[in-house]
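The listed protein sequences derive, respectively, from chains F, H, C and L.
Under our numbering, the first residue of the first sequence carries the number 345, and numbering increases by one thereafter.
Under our numbering, the first residue of the second sequence carries the number 3, and numbering increases by one thereafter.
Under our numbering, the first residue of the third sequence carries the number 14, and numbering increases by one thereafter.
Under our numbering, the first residue of the fourth sequence carries the number 40, and numbering increases by one thereafter.
Hints were generated in silico from the structure; no laboratory data involved.
Some hints could be false.
Label pairs and their computed distance ranges (CB to CB) [as the list claims (entries may be wrong)]:
id	chain 1	residue 1	chain 2	residue 2	range
1	L	Glu618	C	Lys38	46 to 56 Å
2	F	Trp844	H	Gly527	34 to 44 Å
3	F	Ser731	H	Pro483	40 to 50 Å
C-beta atoms are modelled at their ideal positions from N, C-alpha and C, and glycine is treated no differently.
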Amino acid sequence: MQTVVQTLTWHDTWYLAPEIVLAAFTIVLAILDLALPKRIGRNIIGWGALLGLIAAGVFVGWHIHDLSTWEEAGKEPFRNLLDGSYRVDDFGNLLKLVFLGATALIVLASLGTTRTDEIPIKGEFYYLVLPAVLGAMVMASSGDLITLFIGMELLGITSYVLVAARKSAGISGEAAFKYVVTGGTASAFVLYGMSFLYGMTGSTRLSGIGDAIGNAVAESPAMVYVAFFLLIVGFALKLALAPFHAWAPDVYQGAPTPVTSFLGVVAKGAAFAMLYRIFVNTALYAYADNTQLRDDLYLALKVLAAAAMLVGVAGALRQQNAKRLLALSGVANAGILLIPLALDVTNFHASLFSEFIYYLLAYVLMNAGAFAVVAVVARGAKSEELSGFAGLYHRAPWTAAAMTVLVCSLAGLPVTGGFFGKLFILFGTVQTKEYWLAAVLLASTVISYYVYFSFIRQMYLRGGESELPVTVPVPTGLVIWICAAATVAMGFLPKPILEWVDGLFSLTTDFFSR
Amino acid sequence: MLDDLPILSMIAFLPLVGALVLLLVPQGRARLIRGMALAFTFAPLLAAVALYIAYEPLLGGEAFAEKLTWLSVPLNMEAGLSANGATSYRLLFDYRMGVDGISLPLVLLTGVVASMAALASVQIRKRWKLYYVLFLLLQTGMYGVFLARDLTVFFIFFEMTLIPMFFLIGIWGYFSRENAAKRFLVYNGLGSAVMLLAFLMLIATAGFSIEQTASGAALSFSGSYDVLAANLADPNAAANLNGSMFLSDSLKGAAFALLVVAFGIKLPLFPFHTWMLKVHTEAAPPVVMIHSGILLKMGAYGLLRFGAFLLPDQLRAWAPALAALGVVNIVYGAVLACVQKEFKLMLAYSSISHMGIVLLGIAALNETGFEGAIYQSVSHGLISALLFLIVGTLYERTGTTRIDELGGLASALPFTSGILLTAGLASLGLPGLSGFVGEFLSFLGLFDSYPWLVAVGVLGLLFSAVYVLRGVLGMTYGALPDRFAGLRDVRFVEALPMIALTALIVLLGVYPSLLTDAMAHGFDGALKLLQSAAGR
Amino acid sequence: MTMLGSYLTLAAVLFCLGLYGVLTKRNAIIVLLSIELMLSAVNLNLVAFAKYGINASLRGQVFSLFTMTVAAAEAAVGIAVLISLYRRRATVNVDEFNELRR
Amino acid sequence: MDIVFSQVAWLAPLFPLTAFAVLTAMGRGLGKAGAIVATAASLLSFVLALLIAAERLGDSAEDYTGRIEWLRAGGVVLHAGYEVTNLTALMLVIVTLVALLVNVYSLSYMKDDERISVFFAYVALFTASMLGLVLADNLLTLYVCWELVGVCSFLLIGFWFRKPEARAAAKKAFVVTRIGDLGLLIAILLLYWNMPNHALDYTSLYNVFHSQSEALSDSLTTLIALLIFLGAVGKSGQFPLHVWLPDAMEGPTPISALIHAATMVAAGVYLVARTFDVFEASPNALTVVALVGAFTAIFAAAIGLAQNDIKRVLAYSTVSQLGYMMLALGSGAAAAAMFHLFTHAFFKALLFLAAGSVIHAVHTQDIREMGGLGRRMKLTAWTFGIGALALSGVPPLSGFWSKDAVLAAALEKSPWLFAVAVVTALFTALYMARLFFLVFTGSSRGEAVVYVHAKESPAAMTVPLVILAVLTVAAGFVWTPWNEWLPGWLAGSGAGEEEAGAGGWNGVVVAASVAASLLGLLLGWLVYGRKGAAVSAAAAKAPGLVRILERKFYIDELYDIAFVRPLAVLGRALHVFDEVVVDGAVRLVGRSVQAAGKLNTRLLSGQLQTYGLAALAGAVILIVAIAGRRFW
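All chains should be modelled from the sequences, with the hints used to inform the complete structure.
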């Protein structure tokens, strides 16, 4: 059957406003960067990028508000563009907000720390971040394999360049190359899987696939399995889930610190968004027709999650380089973030998205904050080794305190966002009776105490050989403290966020309804 | 007059307030910092005493209970639930505080030991400010654990003791303090992780409650003790929720086993005890006072609280095992204590031995045993606090606490030695001192059901005599080595907490009703449950 | 359906070749090219499905067009990165790109 | 007749307790003044004791009991109470009297010690707890005081704490007696759970056991009796727990007199007498008591023959005499036992104090370095002589009468026990003679200087000697064949002793005992008393035997091998176990995690294609494991 292609109307541009804003800012800033004479510092472009991100964020917020008004009006709160290849719904919007916020934090932090010797062409960094976020946003709100793929590649390619931005250091180039190859291979796997998905169902529309997948499994299950497992492998590579994680530490170490935290937060989040879009819309949607497929796939996801959590923390045990350590803890956290998706949806447990986004938010905060601290410390100590943190308690007590909060959150100690994020995920796991997974999560948490202990030890129990105080640039300090404060706030009052998410998001409307 | 102001929260959070205030004081003002820390340590103690005076055993702590919904987090509802007529589906984190005959003595103990430790902290020579901030945070955690009435709140307070303790060990300890701290953190982290799993199991299966509102059934999960107790006690509770919630015995058993491990680590139970040896030897004496004086008691408290009040069947099923383990603890710890050369290690092992007696009391499953367990916890808390106080002063003067390196101190430090001797006698269970009452009650309680185990356990008293005298006499009696000739006895500041603790130990030994009366009726609910459990 | 089968087989072979290249070839250029090989396998798949698959439509072909363009961009970036790296290391041997480790 | 003083009997322990409190509060500064205070306190309680006894002399004085609730835990209600019976009244007099005398004596004996006030504080605490023990109306209260007297004895044995021997002796005393205490504790637990309505007081015991009620099975009764007896064995230094008592002589001599001769060690006998109903309910237990007593008596007497330390000789004789008392108890004659306890308290205290006065004079305890002191210190010699004769059972001194009663009881029980007792009597006389002659007669064997300066002790020390000597002579007449007042009076109440007149006038007994004692004395004179008799005469004749006796039958060595060493070995073994196995397991877990981490780090070789291969392997495993299940 031939569907009539719905064309893009002017009216629709309103729904694309955030994306358009970002694109516009990218172009303007690029031109600005060329036009501006050398003597003028490139921080202006940084501030511009920040402005763009905020503007986009405002529009997203506006959309969220619109949608909720529709909901009150009894209208289904989502909008299909290009007959469903692009969806503006709460799922997308919430994630977009997270991405934009995270990027804004990172950019703000980098305004303080990045020096010319780290990123020679600062402007480049700033106006390349925007298209990357744009890609992430597209991934978050696509309803079609093609658009998903475009978003993925937009994000991917720009981040390749960003990783390489630290021209001075050879490792940057090496990291970029490794990232290119891994990323390329990952995309190849994902695409190959997509192609089979399309082949089995005859549609690239997620909704179409969801409708057709049931029969497809009935006809030729093997092909469908092939499709999905290719996808899983591809995403496992992108998310650096164990044992697909080995590239992550290298890339994270080689990349400029702001880029690293961008990869750790936004790129991961976007990949998760894509994973949600595909799996919920197809496998979970087809649950009624075919439980077996879904069970197998989700079991695979659970296993991956478990492996990631354990390998991540275990690997981090012996790391001496702060960025590599955080990279590996990122592996573990990716595993944790994967759990909600992998859990069954039962009468009593349907809050997978709340669990996911809450922990994602907490993770964004602690990660961005931690990397900001790393950047500051690295600046002082001229190295990214843990030893750079030695005696931080004397040299910069407040920064040390903030770092302690962030580390506690990473370790999932109360009362922090990380704690409640983990708590909700655990509760979901227990509700769906996946006790083994809960046990693994807890075990990895306990091991992670050892890991994060190394930060604490350096900061409090070691006298720094250089007792000279660390200078914290205002913007970076601001970010650090925003992150720390927000982390604590999320620990004491998770309610507002969750109420909000619960009010906006609903599996049925955001994914299933056509 | 007390029941109109939230005294329990005051007790729990005054130290926290103190910590926050302390943060604002400049590092240099050592005296001011110390004074404020003392003030904020004694304040909750006074509050606790006021509570003790106002507490009516017959009425229980109802008058003081506090409850306010801290978080009520929405859980997304699937079509299935709304089909069952549920209109809202939430996860409740209630902030519930309460006091009863079990927690009251321990709260008092916390107050006393913490205050004495604060006084003893004169020995702390570096990083005053951080020390006292952490010290106060730790107190909030400890009070909270004993006062909480909701699993999540309990867990949070429990974890709150973890971090400050970790720093206190790691920064102000002796030579291999980092190792000890790391061990403490990971081992106890493991414990609390296991505990959390058990808690979540309970919440997710037994924590539900349905209230019919005008708009329909409001379904919620919470960890509040009352809800859990109600559901767990009600055999057909599962049916209340169209069967899809399950309270299978196997699950209850698993949860209880997890709890035994979790609190066993704290207690410490025989195979899980090695971590606390390091803490005893490596941490600074005031910190050990807190650790061995209070933190260990959380294990006993948790077992009683969640065993006797929530999972009586399982406690009953486990009682023989617990009793046996208790005896193992007693004898194992005592025998090991007999051969230690390091006094602190000897004390550590004796703690293991004494906590074994607590286990016996719990395993007795009758009021006598339970009260014995709590009494023993309190008295051991006081005694070991006193002992480590002395250890601190001795180490300060002699630079060692090895039994074989010391001797004849009675001629150089008569006062300290006298107190040390008294403490030793108390810890070997001399009647007239607090140690005897707890031990006697525990044995008495258990004897009814397991006379032979008691007969073996009593050996612990014999061994305790052996190692205590070996240690104490070895250090205080005999000829005084010349290098100690110039030692000066304690100053008044140091003597004060010693005298106070000794006085308490004697008081509790001579007039035990002080505590037992407060504990009376504290276990009525649990005993009822246990009876019905026996019935089933 | 036989046609489809053979196309898919060919695509599979290509994909595996590409993967093999990525995993074994020492020359960075070849590695990048192998990735392209994998992507072209995908394209072959898409086109084949678009022709012979159930409810065949232009979608697959459109998809493949997108894939090619993006692949081109990716390759370009890849080469650029490689060149900058080559400037510094004076080698394109993948084995020697191991400054980042442990 | 009204019994006003009995009602305030609780004051008796209170006086010394207050003294103790004052002395500890004041601390060392008090010095001599403290001593005065303590002595005054003991005087007060002595007066009170006399008054109580006086008002009970009339036969029909009923018992008085007063109690308070000590602790209520759930169902358990434990009382603290006191009870005044004729028996307790008797004990009160003994204890307070000896305590008073010892206090007076110590005023001068200890005057040069800078810790004198500490000493008196301990003594006061001891007196208080001993009186509490005597007055207690139930077993728990008794147990509490029981432990307290133990601690005081421990403290006083170790009073000269700088001496390593003192430290060792103190530790030994505490630990060994504790073994017995645990028996008592278990007995109490058993009684608590088996007595009707959990009563622990003597009255209920009397009701339950005496009326042969079937509340408790025979075997249980026997078990309880034996456990109680175990406690007595520990305290009264009966075999096999006697080892601590001789070592306890490390303490100051007045303490040996007070605690380790007259009062505390007798507490075991008192305990058995107090709970005699339990024993009567179980004949087997009684037999055990008798046997242990008899054996201890002869065993200790034999050892006493070969000791060279004046105090140790007395110590072993104490053990042996306590054996006598146990024998009497075992033979069912509680009154006889109490009678012997009564007399023994006086003459043994006398002997110890006299010995103290000797030691005070010559600063040695080794009788081989003494001799001829009789000429230098007449009073001491005379009093000591009286005590020795009394102990040897020479009529008409008190020792004769009480020993007579015991022997009679033994004969009733069985001729063998009687025989043993008689032989013991002979030994007793022998070693007392040896002691007396070696110390007081002949010529000095120590350094001449010491001998020259040795002189009679001051009045504060001699006066108590005289008083005790008088009592030693007189005390026996409360129970003579023609005046059976004591047993009747005791039977009047308390321990309830129908077959009181166990003694009676029995020609055989008298003849045997007199013969034995005289023979012993004669032997002693022949070997040690005559001119030119060598100190080591006996050793020369039978060296092997003497060595065994000197080494006290190697009991200490035996225990060392049997218990002390194994415990230490076990401890070390467990220590290793703890380090290696238990902690090793923990470390192993940690290590394995670390190893996993290392493995992961090894994977991160920087070789991109290695990463790829690892990933591929993982992918294959995953797919085969999960998708594979469906298709194969």
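Task: Unsatisfied constraints (hint numbers, rising) - done: No hint contradicted; all consistent.
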